[in-house]
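J.: Heads up: the protein sequence lines correspond to chains A and B, in order.
Number 332 in our numbering belongs to position 332 of the first sequence; there are no gaps in the numbering.
Number 1092 in our numbering belongs to position 92 of the second sequence; there are no gaps in the numbering.
Any given hint could turn out to be false.
To be verified - With a Cα cut of at most 27 Å, we get these calculated DSSO-like pairs of lysine-lysine:
hint, chain 1, residue 1, chain 2, residue 2
1, A, 240, A, 132
2, A, 332, B, 1201
3, B, 1273, A, 222
4, A, 132, A, 404
5, A, 181, A, 228
6, B, 1044, A, 222
Simulated from the structure, these hints should not be mistaken for lab results.
Predicted, not measured: the structure shown is a model, and the values here were computed from it.
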Amino acid sequence: MRIRTAGVVAVLGLALAASGCGGSDDDSSAPAAKESAGATGGKLVIWADDKRTAALKPFAESFGQANGVTVEVQAVSKDLQTTFVTASQQGSGPDVVVGAHDWIGNLVQNGAIDPVQLAADQKSGFNETAVKAVTFNGQLYGVPYAMENLALIRNTELAPEAPKTIEDLVAAGKKLKADKKASEILCLQSGQNGDAYHIYPLYTSAGGYLFGTAANGDYDPKDLGVGKPESIAAFQKIAKLGEKGEGALKRSITGENSIATFTGKKCAFLVSGPWAIADAKKANIAYDISPVPGFAGGKEAQPFVGVQAFYVAAKGKNKALAQEFVANYTTKPDLAVALYNAEPRPPALTAALDQVKGSDPDLAKFTEAGRNGQVLPAIPAMAAIWDPFGKAEAAIIGGADPAKTITAAGKTISGQIK
Amino acid sequence: MSTKLSGPGSTRTPGRGPAGPGLPRTARTARHHAPITATGLAVKVVLLGLVAGIALWAAFPLVEAEKWVGLALLAATTAGLFYLYLTPRHIPAKYLVPGTLFLIAFQVFPVLYTASTAFTNFGDGHRGSKDEAIVAIQSSSVQQVPGSTEYALSVATAGDPATGALVFLVTDPATGVVSAGDADGLRRLDPADVTVGSGGKVTAADGYTVLNFGQASARSQEITDLVVPTTGGALRSSGLSRAYEGRAIRAYDAGCDCVTDSESGKRWTADEKTGSFVAADGERLAQGWQVNVGLENFSRVLTDPNISGPFFGTLLWNFAFAIGSTGFTFLLGMAIALALHSPRMRGTNLYRVLLILPYAMPSFAMLLVWRDMFNTDFGLVNNLFGLGVDWFGEAWSARAAVLLVQLWLGYPYMFLVATGALQAIPKELTEATSVDGASPWQSFRAVTLPLLLVALSPLLIASFAYNFNNINAIWLTTEGGPFPADNPRNGATDLLITYTYRLAFGAQGAEFGTAAAVSIFIFAIVATVSAISFRNTRKQEEVYS
């Protein structure tokens, strides 16, 4: 009896071993299964993050039903971009992927997405900045559906007036702190490793820039602004707001606690995007939205404008259908409105924005705050910026010497750009 | 160990020594003549059938991808397995082979794969093959001819929907003229022969079968590949309902192994060393391919001052971290275990439950909680003790904080294993020492601790190896920070593994080749340390036994 059990265990183990072995020997079993499904009829696979998956599903289904094809929307909750690049390289990726426009440079250099051809009248239906954002090397690589940018969200009970300059804001915040009405001057997230995205409006207002622009309007990776005198001057201004200066910028305010601190009424001013509004509403805060103020006498504070878009996978199984879905279906306002309802970010389609603007005054204010924003660079070189720039920012906020720090960051970044 | 203590003379446990010559033979003969039961046979048939099924399932994709080496391996493995379990011989192999296969699949293969990656420039922009890069360059350079017409498109076939030759039926929106296009070019169709729908799309045409989306998407690849030559460029499909006139601006020429831009006349020549197309002015195309770079990754780790400088500093802290987290948790765990082991202790069960609590919480979540607790302004630690310490902002306080968190997360485990080991130490021994007049401390030093160490040393080594690569502990609390103001690559609490992770998957884009090279260094270090410590453990056992 004992021997027989052992034998069974051994054979079971062997079966498992064989399956494990088979699995490691090949990485293309999944696409084979998909292909056979594709041969029987059309099948479109869309990858999106959790939130958007729910909003996309009904539309994908109606697209499928109207056209006699199967549409599958799959949620990829973590690292969608890297998962997509790896999967499409192995041939097991989707046909359509939904993501931020600053992925484009990386997706193109890895040959993961194809350009999308839109007719002139389709293009003109979109916000100009949004179209510019998804254009890379003169080609349109995705169809935008939503835009987002930072703005100053303020607690109107604590601060009834929108500050005109960052100095006004600091003065107002300090007064609130002295009156014990708030414990922080400004909730602008930095964390120990900095946050290039959130500091960018102040950086531009103080005269700094990331990349110059090439003749065709694209960002030019050869003209790096970090480490240049302008950037040093900018960070000298920012350092004055830091922990050793006014104390308005602090490393203890992180991405995790900045919105909670604002909704907990511990600070009157929050620099954040449309995603913070839901929390503010939940916490019953009387709030208003205005552009991020710049330094007195400085330039205008320009936040990054990011765009969410649909892309056609270059190695999808069903590219013709994917092109049809992205170019001719996602360009319709209904889908943009539904995605807005799933998460309130201003739609990139002008018609859709007009539809929802009436019921949501915040949208117009965010759009206004991003009117002079800069398109978040999509060039692959941008990947080299985030980490060093953020860490330099954190060091300077903590009291490090701006000139030395930012020069070193500029060197690191230019060393990374190939 | 207990057998050793039971009798000084018995160095051999019964049954483990060389058995008499007759014994195994009888066992083997008995096995040969063991009755073959119906259940046993059925199980064997089912499981071997499963093996065959899995092999077949794995074979098709391999054939499709033309991976003949993989297929040969698969066939050999399956045949070997069938032989092994159908023959009554090779009894030990029957038990060893499954484990060995797992070992090869999940240990040896990944290590070899990592090693081979370390010799390439695998990473963002260099992921695929050269052919893939060329396809990507050409297809992403197709541009709409300025001012050209956008056509309404219907995909049709001349004959059967599934196999007939594909034809684009396009309608000019301005004139309403319908044409049929294939690889030979555009042909005007007689308006009497076609029915045009509301959106300008052809819904029916004599001699053609108009495909619906389902039928068309089954032939997706052919539709994407079909280009209808025109005077200005070529008519291509944009989805299934529109066609545009486009032109591929960049083309690859195998003759010069280069890519030329027909608009600007610029030329990028293939550089096999870096795996990219480079122009005379140094500009390179974004889409590159994977090439073998030899020892470059390794030499970069050793010679690039940006990598090698921090590498050795990090290595030092890495050792301190692994030794510190293992040592402190062991000391605290053992101390508590000793206290609870004392017969005078009351309510030990309650204490045990409370002590194991940190162990029961998911460490992933607890690390994040601790990170927030160490926040300078909002953290519990500073608020509770009225401190203003910038915990994660200064190198030494960050290191201390990380070790404190490790201590909290790790001591319950050490407490558990120490409790278990203490129970295995016979009471008679400590009683004997007290009879001999030894103080409790002396008896602990001379008897309990050595016996504990013999039992726990392998666990301590394993714990050391685990903590040496404990990416969660660092990544979820400090992310390797704080970083020196002038060096964003390498922080004060960075372990080699977090440093490698940043290199491979960090914000600046994936560099799998370099990361694999660093991984090999880490592997070598951990393997050496473990080998030396295990050797010492063996010596220790000899001393104490």
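J.: Each hint: holds or not?
T.: Do the hints match the structure? See the list:
no., hint, in the structure
1, 240(A) / 132(A), "violated, 35 Å"
2, 332(A) / 1201(B), "holds, 18 Å"
3, 1273(B) / 222(A), "holds, 23 Å"
4, 132(A) / 404(A), "violated, 35 Å"
5, 181(A) / 228(A), "violated, 40 Å"
6, 1044(B) / 222(A), "violated, 67 Å"
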